[in-house]
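Enquirer: Protein chains in written order, with this note's numbering: chain A, 1123 to 1649; chain B, 950 to 1404.
Errors might be hidden in some of the hints.
As the list claims (entries may be wrong) - From the structure, some residues in chain B lie toward chain A, with a derived Cβ separation under 8 angstroms:
1. ASP957
2. LEU985
3. GLY991
4. GLU1002
5. LYS1003
6. LEU1008
7. PRO1032
8. ILE1038
9. GLN1057
10. GLU1065
11. GLY1250
12. VAL1294
13. GLN1306
14. PHE1335
15. ALA1355
Bear in mind the hints are in silico, worked out from the structure with no lab data behind them.
Ideal Cβ positions, reconstructed from N, Cα and C, are used throughout, including at glycine.
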Amino acid sequence: MNAPNASGWKPGTPVEGHNAMSGPDTATGNRALMLEEPLIFEIGHAETTGVDFPTPLPGGEGAKARLAGMERTDPIGLPGLSEPETIRHYTRLSRQNYAIDLGLFPLGSCTMKHNPRLNEKVARMPGFADVHPLQPVDTVRGALEVVNELAHWLIDLTGMHGVAMSPKAGAHGELCGILCIRAALEARGDAREVILVPESAHGTNPATAAFAGYKVEDIPATPEGRVDLEALKARLGPDVAGVMITNPNTCGLFEPDMKAISDAVHEAGGFVYCDGANFNAIVGKVRPGDLGVDAMHINLHKTFSTPHGGGGPGSGPVVLSEALAPYGPLPFTARDGDGVVHLVEEENAAEFDHTRAFGRMTAFHGQMGMFTRALAYMLSHGADGLKQVAEDAVLNANYVLRSLEDVLDAPFGHSGPCMHEALFSDKGFAEGLSTLDLAKALIDEGYHPMTMYFPLVVHGAMLVEPTETESKAALDQFIMALRSVAERAKSGDESLKTAPHYAPRRRLDETQAARKPILAWNDPDMV
Amino acid sequence: MRYLPLTDTDRSDMLEKVGAPDIDALFSDVPEEARLSGPIEGLPMHASEMAVEKHMRRLSKKNLAASDAAFFLGAGAYKHHIPASVDHIIQRGEFLTAYTPYQPEIAQGTLQMLFEFQTQVARLYGCAVANASMYDGSTACWEAVAMAGRVARGRKRKVVLSGALHPHYAEVVRTMAKFTEDEIADAPPSLAPAPDDDGLIARIDENTSCVVVQYPDILGRLPDLARIAEAAHEKGALLIAVNTEPVALGAIKSPGELGADIVVGEGQSIGVGLQFGGPYLGLFAVRDPKHVRMMPGRLCGETVDAEGKRGFVLTLSTREQHIRREKATSNICTNSGLCALAFSVHMTLLGEKGLRQMAMENHRLACLAADRLARVPGVTLLNDSFFNEFTIRLGTDARTIVRALADKGVLAGVSLGRLFPDNPELADGLLVAVTETTSEEDIETLASALEGELA
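Given the sequences, and given the hints that come with them, work out the whole structure.
Expert: Quick look at the structure:
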């Protein structure tokens, strides 16, 4: 169909003179069960389609006259594949992915836990999957009850007053929470300009505050890996709108001063935002509302397990304190005195005392498909099971921490128990070997690496989050693999530098990708 | 507890290993007064798979599924047939349960798919570069406005919104602009047979960073994008084209071809399904490659590995929040990866030929429906032009009619009163969408029901 892109190589192109570890080349690029797959643009054709349409019915003459002279004339450039070719293409691609279904996926702060298939079944029930967001409200009572039931769980689990359900992802939820704070401050005529963000925060936190029009100032961490309470107190003042705290924090630790932080911020007239990405560590054990939090997003996909699907979709409802709840965005749901669930939109906001809503964050009601999955997960665990989730997640992380701290530096190992994730550093590695090398060597052991170089407060950080859905046997095998790789990193094993050796791809040239971006097939080099 | 593999013996062995007398010792950093003892009040205990399924099925039955009605709703979400292969592929565990491809050597499946997706979207939109997806069309629309502000380096603060932009999209932009202090100039929506391109052009001035136009617009009409693009460029403004029905682009010229600088839209129509509003799929593309570094969201790029083999990585991440923190181009971290996969698989099955056939079938059936409904006494067809969605005027409040028809199992469309509650002039408008899933019988059902109701 077209000439190949600048990189030149495609399956079937022989590769010469490379590292002997990869073995002899094959004519096709395939190696036993590891199959190379060309791009759809290399195997598809404009004339091929994998879809049959019914034979057109008579009528509809003069159709083109209705398109205002805008008919497409030039080719679009979309290759098609027949159904068998399509299934084979994507199945082959899928085999080049690591996934939680294949093994432990210890990405810190990402919470890769098992995805129950019941949730998938439920989300596909026609009454949920096949309803339109603007159907008459009488025809979607069940969907509204799902939203309402889920909202109740979130409020009860967090000890908060209300919840905005529409944010589409964690970072979108952060934005929602910060905008609620801003709207509440503006309502009292208080124009504050600064949001304080500890340096251990997720990168989305400062980006969110800036997007909401705030200046961002860092608050340092103590040597124990926690927010420096005194530094925070010293910075509070009439210009500070609020703080964004991650608790449990990104060093894997609970912030024991959380209540003191909240009290100090409230006294100074500001609000407390809590990044809820790590809520799975404390669900059923601690209610953030009891610690003075005003707003917190909940990553339904993390804590309540909806599939991460290669990076999304997520879902980020935001629980709100009594002070912020009136400002939450439209649409939301509310139950009236007769127990009927109502959808509150622009049209009926006044009837439900929601005229102070700061606006609308998305076209429709949020991630309904994630709501059904999260609710099925909550009902399956129940209040007793969710508490067990937090306990097992924390136990598993501490087990990993204590099983490895003799071979891997654990910078905050002395700070006490960790929460649901264990933090290590590259201290003690042989000269020239890095966290990246260890991570790539772990791939050869059959594991997806942990989160690397985050949090930034630790040099060469490695953040391991095993989650509660790993068995002791799975943890023991992972620990054994990580020990062996860590020992190689300390002894200066040079073969780590060229790892992975057995993955579908060797190390990829990320510098070239950024310097000469090729972002679409067969487009000239850009930038 | 079927999802938790640890046994009580494991737990006590592990507690011994970590040197904790009991599990609460691991929560010792939590202040005593904030610690909950016992399960949370008011919430049920764990339930069997059978019990949960039964409960959820009961709730699902309280909804009227689109496929169980004569169905004509659109306004930014469309009911199309999704080939069975699409759901099969997205349920493969290696796609479904993978994460963001941070380790490209073992994420080539997702990365190659995203690279193919980016290329498909760029071509559909007539643009040079598309990103690897965003939350949905409405948030992508706001991100485009924010990007236009960056391109103008904050020196232009006026955003001109077409009055025929989806009102929820406009509301998302207005909500966000309150906080970034952009000035919004929007024309009121009008029930004219053709969009008010002149009124829009008249609002563009030297202080305008961007003009936002929906194509086809919220009433189904086709604005003259090329003319608006020219007028915007004359004043140094960017044209943002918003498309909520990608199937339309199988029949009509791409926004990029007509001069739009940023093209955004909702990808739900291809592969994703209705799902009561989400998760959906935001599409985002730029016509000029020089704007790439201003884009929000993720980008997947082609490169080579240590053996010279082609591979794909997430790239240009120096624009992103995890590196730039408060200076990032957006705070977006996740994308709609799985929805992008669904879109890409469906688009691959369609191919150029299938997409064009599907588009023409949608348009043909919409023409049939428009002609039939225009013959119902009391009904007037508004549009001079449309693709698969058009507006009819009923001469009475359409909300009442929609409600009455729903009781008869007919989901007649979206009343303009629901979309524009503050504008009584639009109250008699009904937005009717037709797709390849609509049968002639459905059209007849709607027409007769309307005849009955308007008589």
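Enquirer: Tell me, in ascending order, the numbers of any earlier hints that this structure violates.
Expert: 1 and 5
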